[in-house]
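Take the sequences, apply the hints, and build the full model.
Protein sequence lines correspond, in order, to chains A and B. Sequential numbering from 5 applies to the first sequence in the working numbering. Sequential numbering from 5 applies to the second sequence in the working numbering.
There's no promise every hint is true.
Repeated chains share a single entry, so a pair holds when one copy, or any two copies, can fit it.
To be verified - Here are the simulated DSS-like cross-link-like pairs (lysine-lysine), alpha carbons at most 25 Å apart as the crow flies:
#1 Lys548 with Lys307
#2 Lys674 with Lys454
#3 Lys700 with Lys230
#4 Lys321 with Lys307
#5 Lys251 with Lys308
#6 Lys674 with Lys347
#7 Lys347 with Lys548
#8 Lys653 with Lys280
#9 Lys677 with Lys280
#10 Lys347 with Lys695
#11 Lys439 with Lys318
#12 Lys347 with Lys700
#13 Lys653 with Lys307
#14 Lys280 with Lys307
#15 Lys677 with Lys347
#16 Lys439 with Lys540
#17 Lys653 with Lys540
#18 Lys230 with Lys347
It should be emphasised that the hints constitute simulated quantities derived from the structure, not laboratory data.
2 protein chains.
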Amino acid sequence: MATVGDIAVSAFVNVLLWFIFLAAFAFMRIQPVNDRVYFPKLYLSAGRRNPRSGETNWVWKHFSLNVWSWIRAFLGWMPEALRTSQANVIRDAGLDSAVYLRIYILGFKIFVPITLLALLVLIPVNASGGTLFNMTSKIVSSDIDKLSISNVGEGSQRLWVHIFMTYLFTIWACYVLYMEYGNIAFMRLHFLSSQRRSVDQFTVAVRNVPSVGGHSIPESVDSFFKRNHPDHYLGHQAVYNANKISKLMKKKEGLQNWLDYYQLKFERYPGRKPTKKSGFLGLWGERVDTIAYYKEKINEIDKKIAFQRQRILKDPKAVLPVAFVVFDSRWAAAVCAQTQQSKNPTQWLTSWAPEPRDVYWQNLAIPLVSLNIRRLVVSVLVFALIFFYMIPIAFVQSLANLEGLEKVAPFLRPVIELKLIKSFIQGYVPGLVLKIFLYFLPGILMILSKLEGYLSLSSLERKTASKYYYFMLVNVFLGSIIAGTAFEQLYSFLHQSATQIPRTIGLGIPMKATFFITYIMADGWTGIAYEILRLKPLVIYHIKNMFFVKTERDREKATDPGSVELRETLPNLELYFLLGLVYAVVSPILLPFVLVFFGFAYAVYRHQIINVYNQEYESAGAFWPHVHGRIIGSLLISHVLLLGLLSVKRAAYSTPLLVILPVLTLSFHKYCKSRFEPAFRRYPLEEAMEKDAVEKAAEPGLNLKAYLADAYLHPIFQSFEEVELGDFNVDKHQTHRSLPVVESSPPRSEVNSPSSPHYVYHFEIEP
Amino acid sequence: MATVGDIAVSAFVNVLLWFIFLAAFAFMRIQPVNDRVYFPKLYLSAGRRNPRSGETNWVWKHFSLNVWSWIRAFLGWMPEALRTSQANVIRDAGLDSAVYLRIYILGFKIFVPITLLALLVLIPVNASGGTLFNMTSKIVSSDIDKLSISNVGEGSQRLWVHIFMTYLFTIWACYVLYMEYGNIAFMRLHFLSSQRRSVDQFTVAVRNVPSVGGHSIPESVDSFFKRNHPDHYLGHQAVYNANKISKLMKKKEGLQNWLDYYQLKFERYPGRKPTKKSGFLGLWGERVDTIAYYKEKINEIDKKIAFQRQRILKDPKAVLPVAFVVFDSRWAAAVCAQTQQSKNPTQWLTSWAPEPRDVYWQNLAIPLVSLNIRRLVVSVLVFALIFFYMIPIAFVQSLANLEGLEKVAPFLRPVIELKLIKSFIQGYVPGLVLKIFLYFLPGILMILSKLEGYLSLSSLERKTASKYYYFMLVNVFLGSIIAGTAFEQLYSFLHQSATQIPRTIGLGIPMKATFFITYIMADGWTGIAYEILRLKPLVIYHIKNMFFVKTERDREKATDPGSVELRETLPNLELYFLLGLVYAVVSPILLPFVLVFFGFAYAVYRHQIINVYNQEYESAGAFWPHVHGRIIGSLLISHVLLLGLLSVKRAAYSTPLLVILPVLTLSFHKYCKSRFEPAFRRYPLEEAMEKDAVEKAAEPGLNLKAYLADAYLHPIFQSFEEVELGDFNVDKHQTHRSLPVVESSPPRSEVNSPSSPHYVYHFEIEP
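Here it is as structure tokens:
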């Protein structure tokens with residue numbers, strides 16, 4: 005139960021850090037040498053060139069020490085970022101980014117009126133606590149708790165105000181959510197309908213293709229769709245199991261990097277020819293010429309790749325039971341994606357094809373049979389990760405414990421006994437282990453999601469976000485309120501009655517307001533300021549620049565624009581909604597801090613999306629229903645906790661009133677689901693038909709077959725460039741029926757996808 | 005804790021009743037006068053005639069006192085019923101009936117091996133209870149409890165056997181369920197594909213049709229489907245709000261019955277002309293000639309009907325925003341039913357049209373906006389009904405309490421004080437009130453389901469069955485194990501921890517084995533024997549025969565063949581699965597009783613389906629996933645309860661083993677769902693295409709438009725028979741564009757639907 009003073013100290017520290025980060029950002033940003041780190045998006049999309057590239061003085065070309073421009077840059081980025089219109093954001097960064105930014109706006113819309121009402125009504129009600137007279141003196145000297153519901157006596161009639169406010173807040177939140185869902189559904193449909201022609205509109209991904217009667221997969225696909233969609237089937241793209249080549253390519257890239265590095269080194273210091281030992285990790289073995297060594301290695305891998313490629317093209321087993329089937333109209337593709345094809349419901353599973361850059365190719369090779377088992381195993385693992393993650397960490401921490409370490413590795417004793425190392429191990433290592441784990445957590449969750457076998461990067465990201473949210477809900481939110489590990493919570497929940505659990509948590513909630521205020525300042529204010537500084541990409545860029553960059557193209561490759569990283573940012577954002585909604589009635593003093601977060605983070609992410617991030621794919625806001633559901637979930641959690649809190653306060657009359665609220669909220673959610681969600685899952689035929697008609701009228705002579713020819717080629721084949729085109733085609737013709745190869749290079753899905761790989765090889769399609 | 009003796013007494017009483025019912029059935033059945041009660045199905049489908057209709061002696065014609073034929077009939081019906089092949093059952097009674105019967109077979113398949121194993125392994129293990137030696141002496145003299153898990157000591161190693169058996173039983177049940185799901189899915193697809201051409205295969209029900217730009221509903225439907233399904237749209241059938249006419253028709257029918265009754269009376273006793281008072285309930289007013297009075301009343305209603313009909317046809321508001329849209333192929337209908345049509349996901353909702361006799365016409369008039377609210381309200385009501393149904397009943401019962409009654413109606417005091425009436429009120433009325441409530445319960449639940457707004461009778465029946473099952477689960481199963489009302493249970497569950505609840509129930513379970521054994525004998529043995537006796541239809545038939553029947557056609561109308569009444573029989577059946585699975589490990593002595601139920605009920609229902617019931621509609625086994633889900637639910641309940649029971653027995657090692665089991669069962673269920681359920685919800689395009697192709701080859705010149713013309717006409721219009729056809733058409737032509745009226749009477753959905761109404765009037769369809 006911290007005082008206002010404690011909060012003030014924390015606020016001072018955080019604001020100071022915030023100021024330092026922003027100042028550092030402003031300084032770094034105006035340095036021409038960092039231009040690629042802070043404006044990569046502009047380089048990629050608008051073809052920006054370094055502003056001082058014409059400069060001849062080396063220092064002037066790379067550094068800027070102008071104090072004025074520094075001060076201008078300090079907060080100047082903010083109005084600049086806010087000035088760009090939403091339409092421009094959609095055009096330059098896609099709908100995903102625009103919808104992501106709208107979540108912050110949504111937070112603003114929900115919490116501004118709630119904050120005002122809560123501060124004006126609830127704070128006085130709480131603060132007066134039963135006696136209205138000594139109010140002023142209390143506020144000045146009181147703890148944060150005096151402003152919360154804790155200050156209201158048991159069974160007080162004042163609690164009616166809180167119940168009324170809960171209703172008001174819930175209704176307001178639902179109203180705003182409803183309008184927003186409608187808005188975003190409209191934006192999505194508008195985006196999809198105004199989108200330029202793209203291959204995914206005509207394509208359906210088919211999984212679990214059976215090989216019928218000894219025919220090969222491509223033949224089966226052909227005959228099946230010719231039979232069941234005779235008027236609209238155009239052709240299909242077989243998918244090859246290129247995961248091996250993919251691995252070889254990655255290995256080759258790594259070797260190439262080293263080769264580049266040594267060649268660069270040799271160029272700079274031509275005297276010293278680099279050599280290395282050929283054995284394990286370069287530790288032993290014969291000493292050889294490094295450059296020749298790497299060249300030879302790369303040669304070897306090239307041969308392996310060529311061999312694998314031959315094998316893939318000749319072996320019918322390398323064709324996966326998956327295909328991208330192409331139709332002659334959006335209508336036909338929409339029909340095929342939404343209907344059941346086969347009598348056996350586990351075969352010929354159709355779904356919208358993700359756009360080519362959104363496909364997660366590795367998962368196409370997973371046989372569908374194992375998917376059920378995979379999902380079961382992963383959900384058990386995620387459950388274990390959420391509730392028992394402390395166990396392995398505690399184990400590692402116990403190793404860091406001095407006695408334990410000495411036992412395991414007695415030879416380390418003399419080192420450990422040094423005072424400095426001793427205090428380091430005792431003081432920092434346990435915390436460090438936890439931090440390292442949390443740093444890798446989103447990656448671990450992503451790997452788990454990949455194991456589940458989803459086909460597109462966007463769905464992988466959504467699934468990871470959802471797992472991460474549950475982790476945060478249990479370990480950050482509940483874990484902070486009820487002290488103890490998640491496992492201890494689970495144990496106590498299992499042994500408490502259904503009415504006792506919300507009471508336990510409800511009691512803890514007002515007491516933790518101070519903690520969450522400092523959490524918001526540290527994570528939401530300072531953390532976001534650190535995000536805009538981009539310290540890690542900055543360092544990596546300069547390291548790469550130092551060692552690998554020879555040409556301008558290398559420099560481009562060294563730039564990592566990053567992306568919004570929905571898997572991490574969404575759950576964080578949703579946690580703020582949860583905090584805001586739970587504390588709105590209980591301890592409204594927390595609300596202004598949440599509001600500052602929404603405002604500042606909005607500006608930062610808007611700036612980053614416009615200048616920095618490069619989106620990896622476009623899902624047209626497919627993650628919105630997920631966000632909507634989490635906010636509804638937060639409302640429900642806030643109702644249940646208030647119910648528990650009030651039952652402790654002996655306000656029995658409140659129970660029926662507060663039981664109705666979640667029921668109504670849930671049915672509101674159900675209604676929203678039926679009203680809007682289909683817009684995110686299915687493509688209406690009306691829409692498809694309209695677009696087909698418009699296109700037919702505008703371009704009557706369009707050669708769709710040519711346009712769709714090589715859209716869904718495994719990105720690995722992009723490396724077999726024009727030079728190899730000739731003999732590769734011959735290979736193809738041996739395995740499949742020979743058909744005129746499409747030779748024109750048609751326009752492809754180009755929704756501002758500057759980084760989308762450019763496939764040069766043309767696969768033919770069997771019509 | 006009843007002894008074997010108690011059970012024996014109960015068994016004796018029930019077997020005696022069982023014998024009496026069967027004997028009565030055998031006697032009644034061979035009476036020619038009852039022939040229509042016991043063989044109505046044969047009259048309807050096979051055109052059976054009374055076996056003694058040629059007889060001239062009145063007694064011989066109507067009665068049979070032959071003892072030999074009585075004895076032959078006593079059990080002779082059983083082999084007769086079992087002899088018919090499943091293919092014949094499907095042909096004569098539809099797939100629904102066949103699938104229903106297969107549930108009993110499933111019960112057999114699951115429980116025969118389980119019973120054998122349990123009796124051979126578990127009973128000895130339980131009975132020996134730790135000391136194997138004095139086993140024989142114990143079995144003879146012991147309570148039922150000695151054979152149950154209660155007899156095994158705390159922490160005994162013998163509990164491993166129970167855990168192992170639970171695994172074995174679960175695996176076996178899942179295996180049988182899997183095979184059966186596959187079987188039934190196959191049967192369904194086969195049935196659908198071998199079905200003769202029927203209108204519902206080409207028809208899609210469209211709900212929430214918006215009126216676009218001031219056009220009428222039929223015009224909107226036409227233009228929408230012409231635009232979005234240009235190649236396949238044939239036409240549509242508008243739906244009129246005929247609920248008012250429907251009510252008038254019902255009223256007319258009632259008056260007609262009375263008219264018939266008085267006319268018959270007058271014919272028999274021509275001397276006495278019947279008269280009645282014209283006022284309320286015939287209690288006061290002028291005395292008039294009854295026959296003339298009813299004739300006049302009927303005339304009045306006829307005029308009202310004619311007026312309503314005119315109104316409906318002229319008023320565009322009488323056209324509901326619902327339509328039955330007809331396509332030129334099954335493929336196109338399947339596509340339309342499975343895809344989203346409109347950009348606004350709440351408009352133009354398409355689904356498979358139920359077959360015409362399955363349509364629940366009243367619900368077509370419900371605006372979709374209110375459906376969400378209706379479902380919310382109904383689910384709250386069902387919850388209240390399940391948990392608080394004792395409150396109104398206790399209230400009525402308290403009225404039946406003597407002092408209460410005297411207070412409410414003091415004038416009744418002299419009557420109440422009579423000893424006989426006093427004891428009747430005190431002894432029987434409370435029980436009677438409960439029985440009356442339970443008798444009406446399925447009807448009440450059906451009304452609630454109708455309020456939810458489902459379009460087809462089959463789905464209404466499924467929803468009612470599901471509600472009834474929950475009622476039984478809470479009030480019969482849990483209510484018997486934990487004494488007390490459902491409300492008291494709810495209260496105690498809310499105040500117990502999640503680990504305590506299964507413990508409480510688990511402890512109660514073995515003790516209640518005796519109760520459930522007597523329950524099975526009373527409800528499952530005697531109750532089923534009562535079902536075959538058909539006492540109620542028998543009495544009603546003879547009453548009707550006495551008062552209303554003039555012609556053979558009237559006699560046909562007086563016959564009520566009844567139907568399987570899935571809404572009641574399915575939940576009952578599912579309860580037996582629950583009992584069997586829960587007690588399989590806990591108290592296996594219950595299993596043989598369950599087995600007898602499955603065997604006997606199978607024979608009875610097979611007999612009834614072949615000879616008696618007339619199915620109202622055909623849903624091709626659409627209720628199967630529901631049954632499968634309930635059995636899986638029973639498995640889960642049995643696991644949780646065993647977990648609770650074993651935790652009381654201090655077998656802590658069992659917890660992890662028994663936690664894995666429900667997780668595995670659930671994922672098995674999920675797998676089954678994805679593997680088989682689409683076969684019950686969607687119509688695969690492959691299948692549709694095949695049937696279309698076969699039909700096109702067989703009947704190239706088929707006039708589909710004529711065939712589909714008037715399929716989905718509100719049954720109310722059937723009464724406007726040929727006589728009125730002329731002027732009705734003229735009316736139609738004024739409201740819609742005039743088109744050549746289809747005059748031929750095409751074959752219609754005739755899957756053995758002898759009772760399906762025969763529409764004579766032909767609506768035209770706008771192509």
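Outcome of the hint check:
1. Lys548 with Lys307: Cα proximity of lysine 548 and lysine 307: none, with 29 Å in one copy and 93 Å across.
2. Lys674 with Lys454: between (29 Å within a copy, 20 Å between copies)
3. Lys700 with Lys230: both (23 Å within a copy, 17 Å between copies)
4. Lys321 with Lys307: within (21 Å within a copy, 77 Å between copies)
5. Lys251 with Lys308: Answer is within: at 11 Å inside a copy they meet the 25 Å cutoff, but 82 Å across does not.
6. Lys674 with Lys347: For lysine 674 and lysine 347, only the inter-copy Cα distance (19 Å) is at most 25 Å; the intra-copy one is 31 Å.
7. Lys347 with Lys548: neither (55 Å within a copy, 49 Å between copies)
8. Lys653 with Lys280: neither (75 Å within a copy, 69 Å between copies)
9. Lys677 with Lys280: For lysine 677 and lysine 280, the Cα distance exceeds 25 Å both inside one copy (63 Å) and across copies (60 Å).
10. Lys347 with Lys695: Result: close only across copies, 13 Å inter versus 31 Å intra.
11. Lys439 with Lys318: Result: close neither inside a copy nor across copies, 49 Å intra and 76 Å inter.
12. Lys347 with Lys700: between (34 Å within a copy, 21 Å between copies)
13. Lys653 with Lys307: neither (76 Å within a copy, 67 Å between copies)
14. Lys280 with Lys307: within (23 Å within a copy, 108 Å between copies)
15. Lys677 with Lys347: between (29 Å within a copy, 15 Å between copies)
16. Lys439 with Lys540: within (16 Å within a copy, 76 Å between copies)
17. Lys653 with Lys540: Neither, since 49 Å and 58 Å both go past 25 Å.
18. Lys230 with Lys347: Classified as within: same-chain Cα gap 17 Å, cross-chain 29 Å, threshold 25 Å.
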